[in-house]
Amino acid sequence: MAATFQPPANLKDFDRSASRDPLYAEWDAKIRADVQSQIQLPNGQVAATPAFYDPLNPPAAGPPATAAPEWTGLPRTVKRLFPGPVAAAAAFVDKPVPMGRPDPMQGTYTPPFFDAATGAVFPGPMYRPQDEYLEWVTRTDPDGTIREILFTCEGPEYWDHIAEDAQLLVELYRELVGDRTISKDDLLFPRRVRWDNPNDGKVTFEAGQYNPYNRWNMLGAVHLTQPANTLGAEIALAKQATLLYGNPAPVTADPDLICCAEYGGINRMSDPTIGSGVNAQVRLGNRVSLRNPIGLYVKRINTTAFSLPDDSPFLHVADCFEVLRPAPADVTDMVVRARFRVPPGLAFNGAPLRVGDLKVNGEKVTTGGQVADVITMTLYAQALPGAPPQRGVPCFGKPCPDRDRPELITLVGFGEACPGDDVSPLAVQIDGHAVATAPLSHAAPGALAAVPAAPPRRFAASRVRRFPS
Amino acid sequence: MTANFEQLEPVLDGDEIQGNVLGGFNKDHQAVLPLHFDGDAAAVRAARAWLADLLPRLTWLPEVVAYKRRRRQSLAAGGVADEEPVVWRNVALSAPGLGKLTPQIDAFEGVFKAGLAAASFRLGDPGTPGQPGHPSTWVVGRPGAVPDALVIIAGDDAGEVDAEVSAFLDRAAPFGVSCPFHDVGHDLSHYGGPGAPFPKGREHFGFKDGVSQPGIRGRMSQAAGDFLTDRIVADVPHPSPSQPQLSSPGQVLVCAGEFVLGYGRQVAAFPRRAGAPWPLAPEPRAVAPAWARNGSFLVYRRLRQDVPAFNRFLAAEAGRLCGLPGLAGLTAETLGAMLIGRWRSGAPLLRTPAGDNQALGANGRATNAFGFATGEDPGDGFPPGQADVGGLVCPKAAHIRKVNPRDLPTDQGPPPNTLAHRILRRGIPFGPPLPFGATEDPDGQERGLLFLGYQASISAQFEFLAATWMNDASKPDPFPRPDGVGIDLVVGQNNVTAGGERFCLVGPAQQRVTTAGQAVSSWVIPTGGGYFFAPSRSALRDVLIGG
Numbered sequence: 001m002a003a004t005f006q007p008p009a010n011l012k013d014f015d016r017s018a019s020r021d022p023l024y025a026e027w028d029a030k031i032r033a034d035v036q037s038q039i040q041l042p043n044g045q046v047a048a049t050p051a052f053y054d055p056l057n058p059p060a061a062g063p064p065a066t067a068a069p070e071w072t073g074l075p076r077t078v079k080r081l082f083p084g085p086v087a088a089a090a091a092f093v094d095k096p097v098p099m100g101r102p103d104p105m106q107g108t109y110t111p112p113f114f115d116a117a118t119g120a121v122f123p124g125p126m127y128r129p130q131d132e133y134l135e136w137v138t139r140t141d142p143d144g145t146i147r148e149i150l151f152t153c154e155g156p157e158y159w160d161h162i163a164e165d166a167q168l169l170v171e172l173y174r175e176l177v178g179d180r181t182i183s184k185d186d187l188l189f190p191r192r193v194r195w196d197n198p199n200d201g202k203v204t205f206e207a208g209q210y211n212p213y214n215r216w217n218m219l220g221a222v223h224l225t226q227p228a229n230t231l232g233a234e235i236a237l238a239k240q241a242t243l244l245y246g247n248p249a250p251v252t253a254d255p256d257l258i259c260c261a262e263y264g265g266i267n268r269m270s271d272p273t274i275g276s277g278v279n280a281q282v283r284l285g286n287r288v289s290l291r292n293p294i295g296l297y298v299k300r301i302n303t304t305a306f307s308l309p310d311d312s313p314f315l316h317v318a319d320c321f322e323v324l325r326p327a328p329a330d331v332t333d334m335v336v337r338a339r340f341r342v343p344p345g346l347a348f349n350g351a352p353l354r355v356g357d358l359k360v361n362g363e364k365v366t367t368g369g370q371v372a373d374v375i376t377m378t379l380y381a382q383a384l385p386g387a388p389p390q391r392g393v394p395c396f397g398k399p400c401p402d403r404d405r406p407e408l409i410t411l412v413g414f415g416e417a418c419p420g421d422d423v424s425p426l427a428v429q430i431d432g433h434a435v436a437t438a439p440l441s442h443a444a445p446g447a448l449a450a451v452p453a454a455p456p457r458r459f460a461a462s463r464v465r466r467f468p469s
Numbered sequence: 001m002t003a004n005f006e007q008l009e010p011v012l013d014g015d016e017i018q019g020n021v022l023g024g025f026n027k028d029h030q031a032v033l034p035l036h037f038d039g040d041a042a043a044v045r046a047a048r049a050w051l052a053d054l055l056p057r058l059t060w061l062p063e064v065v066a067y068k069r070r071r072r073q074s075l076a077a078g079g080v081a082d083e084e085p086v087v088w089r090n091v092a093l094s095a096p097g098l099g100k101l102t103p104q105i106d107a108f109e110g111v112f113k114a115g116l117a118a119a120s121f122r123l124g125d126p127g128t129p130g131q132p133g134h135p136s137t138w139v140v141g142r143p144g145a146v147p148d149a150l151v152i153i154a155g156d157d158a159g160e161v162d163a164e165v166s167a168f169l170d171r172a173a174p175f176g177v178s179c180p181f182h183d184v185g186h187d188l189s190h191y192g193g194p195g196a197p198f199p200k201g202r203e204h205f206g207f208k209d210g211v212s213q214p215g216i217r218g219r220m221s222q223a224a225g226d227f228l229t230d231r232i233v234a235d236v237p238h239p240s241p242s243q244p245q246l247s248s249p250g251q252v253l254v255c256a257g258e259f260v261l262g263y264g265r266q267v268a269a270f271p272r273r274a275g276a277p278w279p280l281a282p283e284p285r286a287v288a289p290a291w292a293r294n295g296s297f298l299v300y301r302r303l304r305q306d307v308p309a310f311n312r313f314l315a316a317e318a319g320r321l322c323g324l325p326g327l328a329g330l331t332a333e334t335l336g337a338m339l340i341g342r343w344r345s346g347a348p349l350l351r352t353p354a355g356d357n358q359a360l361g362a363n364g365r366a367t368n369a370f371g372f373a374t375g376e377d378p379g380d381g382f383p384p385g386q387a388d389v390g391g392l393v394c395p396k397a398a399h400i401r402k403v404n405p406r407d408l409p410t411d412q413g414p415p416p417n418t419l420a421h422r423i424l425r426r427g428i429p430f431g432p433p434l435p436f437g438a439t440e441d442p443d444g445q446e447r448g449l450l451f452l453g454y455q456a457s458i459s460a461q462f463e464f465l466a467a468t469w470m471n472d473a474s475k476p477d478p479f480p481r482p483d484g485v486g487i488d489l490v491v492g493q494n495n496v497t498a499g500g501e502r503f504c505l506v507g508p509a510q511q512r513v514t515t516a517g518q519a520v521s522s523w524v525i526p527t528g529g530g531y532f533f534a535p536s537r538s539a540l541r542d543v544l545i546g547g
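If you read the protein sequences in the order shown, they are chains D and F.
If you count by our numbering, then the first sequence holds residues 1 to 469, one letter each, in order.
If you count by our numbering, then the second sequence holds residues 1 to 547, one letter each, in order.
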């Protein structure tokens, strides 16, 4: 039987559907199309041949070398923007954000959804501002102590595909969220809505189409929701990083490389890491691809970072980190869903021990992001010798410090000067004060999306350059 | 003068900053005195009086800088360093010690307040009480016996330092300040015995130590060019703001706020920009009280070195690997150089891969002039370096590559991010040396390193380097093999894997060097230490002494 692209982590969800075979076939077709699509370069740029290859049809014999870029689950940017205790920084990204409200890291707005018929704001869709391909939901006991943290790195495309079988979709949601009341109506758009997706442009969701940003996803971390956290982004990034950049002078080091290529989120930890690693392989003369099944995966949790309330080591971290997907019998090196929870029976000073009683890196656990900070993420890339000859693609842009928040990179056209040659006084104040009082701090999960009075700035974390087809 | 220059190169409050922090005593003889005082009202009054007595005898940054400038000028003029021998003193206090003197310690970061013993397990130390390295075995800083203060006395003459230590302790005793145990470290070149003559500046395994220190930004005054760190390399404008600025070949300038509180810190992607300082109370998310400005966190780690075990390991592994592809003729000395990233002389492996180069090692600038990603010729007359992104020459888990990946991207992002994790190392060896390569220790004397490191954030710097980069088999390489590239085989620790096995991939075929099969899996064993804070002059005077 010919090889096909499998669901991330070889998940077996489709086996439960009456449409099993079509679901597998269409998933294969979708990923196949993504992988095989040719990179189109914008007008004015030289043609180049990417060294990306189809993992189902490798161009050379022999096993490819596997390399696995690694990054940390908690966005690096939030720690830089909000220096100090990790708990305080992580709190900025621990709650979902209604579409249309400011993003806590970017300070810009993700556009709201609009009713296609009336043009009114369509309330409800939310996302988690956790942009390193790992998202989490923190569940607390009535006293506010964290009981468990659910982590997911499943791409939204996979769940959009599951939604082809609405019954399967509902079943899985009920299982993962743990609520039998979830209905189809909770998960599908009730009417036609439009959204200016910051990464994919204008999209329309028809009535009855899956709503990836539904409230149950927010409560149960079913799959990724940050608009740039997609499998398509992963594939596109890997492909575009297999070009060489810079002409005539090669550009090989970040942050210049990712700004030159504009193949990902310049302020993330994951995208520059993935891109520069792939690019380095190509400079060594290798072709690069992503291992089938293509996905984003949790690799491990740091088991030595935790301690008990009295600062003595907590030695049961591995027991707390429970892989939920794939099923135990199917776990290999690909984990897409996990729960961090102290198993029953563990106590401290006679009371049952909970996650919120623990410390991580010396700080009491008050946010899920602190645990995400000790989780290592990965994807699996493969390299084979024989990259095609290339000449560098001229740079699109170059990095400059954002004038008001120099911890953030802003992109200017290649060859252009950075705006201003000094730092505004605001820049040194904003980390400590201004951001902390940004409107977002008043946003509550579930609150009706508020449309900013002023024209919103576009979402700044555009991850993947959209080339005209 | 742009606003950025004022933030990037601030005029430092030199009279407020203790001399060892940014100046570095770097003396051949340094005593480290862990001190204790009680917490009752009378004892606290006495401790304050002791600090008041000590304050005028402390050494501040301008004195150290002036001394070193005179010395450099003398040497540059062809003379000798004919300064009168000096004895310098600095003090730092632990969280318990500070807590006895002032109620204003809540704003300190939790890691500092909890102390080194609480951090021991996450630093990779053994987790079983009684096991060598476990805090229960420490001679300094065991739980329940955390020193309140740490005094460093440094000088050019061993006798003077010994005399000063005696005088210091005699003078402290009436104030109720006790010192049950202390160390005096000496440069190993001063020892006689079987290891003599030991070259200057080496640690017990035989390698030159303290070669690479960050260049610290900031000025001593408003006078033009009065930089704390000499600018040997002309600053060449570059079209990309992501390019670092060097003070001397290979030495990247780092914002003073990474080492002293109250000054601008590195901006993640832009080495020539200064960001906000670490927040101090009452700012949101403060890491320290307001009075901590001009102070620095000091990590003291007393490390015993098992020299014979390390050498036996090198000999055994070199013997096992020397017939494998790419490692023909591998010797223990070469394997040791691979694991450090430098030869014993300090010469970087990437500039002289075939063997040690004493002249290169003796050239303080050339030893630092290399990168892992680029092989540019610094034009200093020594062999150029070479790009080694794959770690085929200098292993990815080599000590110097683990703690300072230089121009490589890391799991933390592009190379400029690494600058936020640098520390200022001020350590000195203790105990008599053994001959190079010794596999036996006939006298069984204790020897090791009094590791001393200053930084603005213990969690983001010392703990990050030790726990996240040295001890993690995959990091800091952002694109590792799925099974990792290795743990620092010299200083690293592993309390996760059964038996504490550590490994490192070396050579063109990335062969696995492993501690498996060795009688012991670690040759650097923690025997004590603590987390301390070196306050400013005004903090000592107004808050800690003044109450």
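Rather than coming from a laboratory, the hints here were simulated on the basis of the structure.
Please note that a few of the clues may not be correct.
Heads up, simulated EDC-like pairs for lysine to aspartate or glutamate below, C-alpha to C-alpha not over 20 Å straight-line [stated by the list, open to error]:
1) Lys299/D <-> Asp483/F
2) Lys113/F <-> Asp319/D
3) Lys12/D <-> Asp28/D
4) Lys113/F <-> Asp310/D
5) Lys113/F <-> Asp235/F
6) Lys299/D <-> Asp330/D
7) Lys299/D <-> Asp319/D
8) Lys364/D <-> Glu164/D
9) Lys68/F <-> Asp53/F
10) Lys12/D <-> Asp143/D
11) Lys12/D <-> Glu262/D
12) Lys113/F <-> Asp143/D
13) Lys364/D <-> Asp106/F
Away from chain D, derived, C-beta distances all over 12 Å, residues of chain F [claimed, not checked]:
14) Arg48
15) Pro56
16) Ser74
17) Ala119
18) Gly127
19) Pro132
20) Gly264
21) Gln266
22) Phe270
23) Ala274
24) Gly355
25) Asp443
26) Val543
Note that beta-carbon positions come from the ideal geometry of N, C-alpha and C, so glycine has one too.
Item to check | Numbers of the earlier hints that this structure fails to satisfy, in rising order | outcome: 2, 5, 8, 9, 10, 11, 12, 17, 18, 20, 21, 22 and 23
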